[in-house]
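Protein chains in written order, with this note's numbering: chain U, 1 to 117; chain V, 1 to 310.
Don't read these hints as lab results, they were simulated from the structure. Be aware that one or more of the hints could be misleading.
Claimed, not checked - Which bits of chain U does chain V cover? Going by a derived footprint, with three or more residues having C-beta under 8 Å, they are:
id, segment
1, 33 to 41
2, 87 to 100
3, 104 to 110
Said to hold, decoys possible - Part of the chain V face toward chain U, derived, beta carbon under 10 Å:
id, residue
4, 254
5, 302
6, 308
Stated by the list, open to error - Computed list of lysine-lysine pairs in BS3-like fashion (alpha-carbon distance at most 27 Å, straight line):
id, chain 1, residue 1, chain 2, residue 2
7, U, 96, V, 304
8, V, 73, V, 35
9, U, 76, U, 48
10, V, 304, U, 76
Remember, it's a predicted structure, so these values are computed and weren't measured experimentally. We treat Cβ as the ideally placed atom computed from N, Cα and C, and that holds for glycine.
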Amino acid sequence: MKQLLIILLGVFMLASCTKNHDDLAKKQDLKSFLNYEFVVGEQVNVNKYEIEVSTDGITFQTVAYVLAFDNVTTYKAKVEITDHFKNSDRVYSRIKSVDNDGKILYSTVSMVRDDTK
Amino acid sequence: MTRKVLFLLSLALMGMVCAINAQDKIYGAFFDAEKIRSINANPTTGAVSGEWGGSMNTVQTAALGVGTWNNTKYLVYLEYESNSHVDIWARRADGTGGAVKIKQNADFANGDNDLDYVRLGFDSNNVGWVVCKQSSGSNIYIGNFTWNGSMASPSVQVSKKGRLNTSDISNSTFKNGDLAVSGNTLFILANNGAGTTKIYNVPISAFASVTGSSVTTINYRWTLKNSDGSDFSGSVNGFAFASGGSAYLSTSNGLYFIDQTTTNFSGSGTVKATLMKNTSDLGDLATEYIPAFTTLPVKFVSVKVTLTHE
Chain U
1 MKQLLIILLG
11 VFMLASCTKN
21 HDDLAKKQDL
31 KSFLNYEFVV
41 GEQVNVNKYE
51 IEVSTDGITF
61 QTVAYVLAFD
71 NVTTYKAKVE
81 ITDHFKNSDR
91 VYSRIKSVDN
101 DGKILYSTVS
111 MVRDDTK
Chain V
1 MTRKVLFLLS
11 LALMGMVCAI
21 NAQDKIYGAF
31 FDAEKIRSIN
41 ANPTTGAVSG
51 EWGGSMNTVQ
61 TAALGVGTWN
71 NTKYLVYLEY
81 ESNSHVDIWA
91 RRADGTGGAV
101 KIKQNADFAN
111 GDNDLDYVRL
121 GFDSNNVGWV
131 VCKQSSGSNI
141 YIGNFTWNGS
151 MASPSVQVSK
161 KGRLNTSDIS
171 NSTFKNGDLA
181 VSGNTLFILA
191 NNGAGTTKIY
201 NVPISAFASV
211 TGSSVTTINY
221 RWTLKNSDGS
231 DFSGSVNGFA
241 FASGGSAYLS
251 TSNGLYFIDQ
261 TTTNFSGSGT
271 VKATLMKNTS
281 DLGDLATEYI
291 PAFTTLPVKF
301 VSVKVTLTHE
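Just need the whole structure built from these sequences, with the hints factored in.
This is the structure in structure tokens:
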């Protein structure tokens, strides 16, 4: 009986390792994306909106931007996460508006957690 | 984690409102008794406290500025002369001492004799910028001056910077108005006395190498309205920045506030101002604040971010 339990446990561990290996391989094949939808109440003289991300919420870097249009108030963007961001379990993000005179305004900071990590 | 997020939110807000004061001091030139008076205001809400005080005698002026020379804050203002030149006056902003004419017959417009001088503001280098328009014609002129800060031996250097055109072909709006500086940009208020009120701006660098015969186009930015969306009645005379980037506005009926973070917008390019204090005979406004930038006028309503794996 004891031997049977050991064998079953071994089979289970082997199956589990194989499954984790398959999941890991599958996860490594997947690409991660941040999907943005932001709404501006009004915009005058705005040139573009830069998307900034950070792993610590302190140091941000620009990863993409969308151009501003006078008659558009809802913007959507899809940004692939690469490099060290892909290994972090959370990503901080904010939108930076840049007007034609170089003046800037930041949105509040959003944090998204990657529950797969 | 919560503390970290709050800290981050605080950082974002700090980026929006740099060097904001507990209270701003606003100086106003009054038409009725040729006085300059001051009042305190909350730079975040625009709420004023107390009454206009610190009354100082002056001359009839519609162009008032404030700056600091040799660690002393001075009010500087223009007095119209019959030959369309202006005299430049200065006095201590704390009300002590008398006023001194630091420059007589300053000419910012190549000898044009048909001018209204109503716009004066100082940049961060203590350069005074003056914009004036022909009373009956459409020419708008710009020039600047520097002062050595001495009341005993004043020295003022005037420089003509040519004419201005408006990007929306609206020179006729320039009857009443003012000038204020944010960062390295001039913000110019124009009001036609019949409701139309606009703000234009132009970077100071645009005048780096221009001459008295140059023509520079200034950019239409916003139309200003009352909080109910209506045009202002009477004349709109003053525009000055609050310490954090919001702005104060004066009409012949009162003092208004434009909140950069909760500005009510109605239609593209329209900015509404809220009446904070009824005041009659209020002319030009001036503050000493030159915010690094003003966030007017954009407002984030919502930002949603989601993570997907594909």
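Cross-check of the supplied hints:
1. 33 to 41: Coverage by chain V holds for the segment 33 to 41 of chain U (9 residues, Cβ < 8 Å).
2. 87 to 100: This one holds; 7 residues, not fewer than the three required, reach chain V with a Cβ under 8 Å.
3. 104 to 110: holds (count 7)
4. 254: violated, 25 Å
5. 302: holds, 5 Å
6. 308: holds, 5 Å
7. U:96 - V:304: At roughly 14 Å apart (the allowed maximum being 27 Å), residue 304 of chain V and residue 96 of chain U satisfy the hint.
8. V:73 - V:35: OK: residue 73 of chain V and residue 35 of chain V at ~18 Å, within 27 Å.
9. U:76 - U:48: Distance of about 13 Å is within 27 Å: holds.
10. V:304 - U:76: Since the Cα atoms of residue 304 of chain V and residue 76 of chain U sit roughly 10 Å apart, the hinted pair holds (cutoff 27 Å).
Comparing the model with each earlier hint shows a violation of hint 4 alone; every other hint is respected.
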